[in-house]
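Spelled out from the first residue to the last, the chains are:
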Amino acid sequence: MQIDVLFFASYRDLAGAERRSVTLPDGATAADLVARVRSLDDDLARLPEAAAVVVNHHVVRSDHAIAPSDEVALLPPVAGG
Amino acid sequence: MSATVAMARIIDAPIHPEPLLDAVAADGHGAALLFLGTVRDHADGRPVSGMRYEAYVEMAEKVMDEIAREAAGRLEAGAVAVVHRIGTLDLREASVGIAVATPHRAPAYEVNRWIIEEIKKRLPVWKHEHYADGDAAWVEGTPLEADA
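If you read the sequences in order, they're chains R and H. Heads up: the first sequence at position 48 corresponds to 48 in this note's numbering, and the numbers run straight through without jumps. Heads up: the second sequence at position 88 corresponds to 88 in this note's numbering, and the numbers run straight through without jumps.
FYI, nobody ran anything at the bench for these hints, they're computed from the structure. Note that CB positions come from ideal geometry on N, CA and C, so glycine has one too. Nothing false has been slipped in among the hints.
The calculated label-pair distances, taken between Cβ atoms and stated as ranges, are:
{"hint": "1", "chain 1": "R", "residue 1": "23", "chain 2": "H", "residue 2": "45", "range": "41 to 51 Å"}
{"hint": "2", "chain 1": "H", "residue 1": "105", "chain 2": "R", "residue 2": "41", "range": "46 to 56 Å"}
{"hint": "3", "chain 1": "H", "residue 1": "38", "chain 2": "R", "residue 2": "65", "range": "39 to 49 Å"}
{"hint": "4", "chain 1": "H", "residue 1": "2", "chain 2": "R", "residue 2": "69", "range": "30 to 40 Å"}
{"hint": "5", "chain 1": "R", "residue 1": "69", "chain 2": "H", "residue 2": "69", "range": "22 to 32 Å"}
{"hint": "6", "chain 1": "R", "residue 1": "69", "chain 2": "H", "residue 2": "22", "range": "34 to 44 Å"}
{"hint": "7", "chain 1": "H", "residue 1": "30", "chain 2": "R", "residue 2": "41", "range": "51 to 61 Å"}
{"hint": "8", "chain 1": "R", "residue 1": "69", "chain 2": "H", "residue 2": "66", "range": "17 to 27 Å"}
{"hint": "9", "chain 1": "R", "residue 1": "49", "chain 2": "H", "residue 2": "136", "range": "21 to 31 Å"}
{"hint": "10", "chain 1": "R", "residue 1": "17", "chain 2": "H", "residue 2": "132", "range": "29 to 39 Å"}
{"hint": "11", "chain 1": "H", "residue 1": "90", "chain 2": "R", "residue 2": "13", "range": "22 to 32 Å"}
{"hint": "12", "chain 1": "H", "residue 1": "36", "chain 2": "R", "residue 2": "1", "range": "41 to 51 Å"}
{"hint": "13", "chain 1": "R", "residue 1": "61", "chain 2": "H", "residue 2": "136", "range": "27 to 37 Å"}
Go ahead and model the full structure; you've got the sequences and the hints to work with.
What follows is the structure in structure tokens.
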């Protein structure tokens, strides 16, 4: 499946774009997605392995299975307020 | 009796106190407490000239609503209004505004403080600090925890 991953703030700087497309095997987990994104290029290799994965606006655990229709984002630590 | 959520929004315009206080006003309230988070002129001893706030807006609106509803659930009676601003802010401008009104003052103080702490832990917002020397950097934040 092909997933468009959204990036914000410092992670967008690493990605060089607001979204990047990755191809994942069916049944891939959030951890698989982070690993795949980190393998895209040298800049994204600096993304933390523990980057927060957000699926359909909810922060998911590393073993959460990604579905083809999901909206997926990688979020840096938050700093609102 | 239970409290109501009068407002929970992400906005890209200045935050004004009066609409927040008006939103939580009711005849049965004896306390109305307003918190404003403002842009200060220094960070770790370094002069700051301004701030740019960015959000994952669609998610932030949902999280803001969740926080406001949970806050209302912590009150036996009263009302809650909360807004977070995004975009470029000057010194002294408010990035967040929280109004809590209750029949008596103690729960207003408690829940107002609870809301700002939850925003800092859960709201998908980031700030890009602009320094007086022309440099800029993302402010280090709090890692998000997986939803239960």
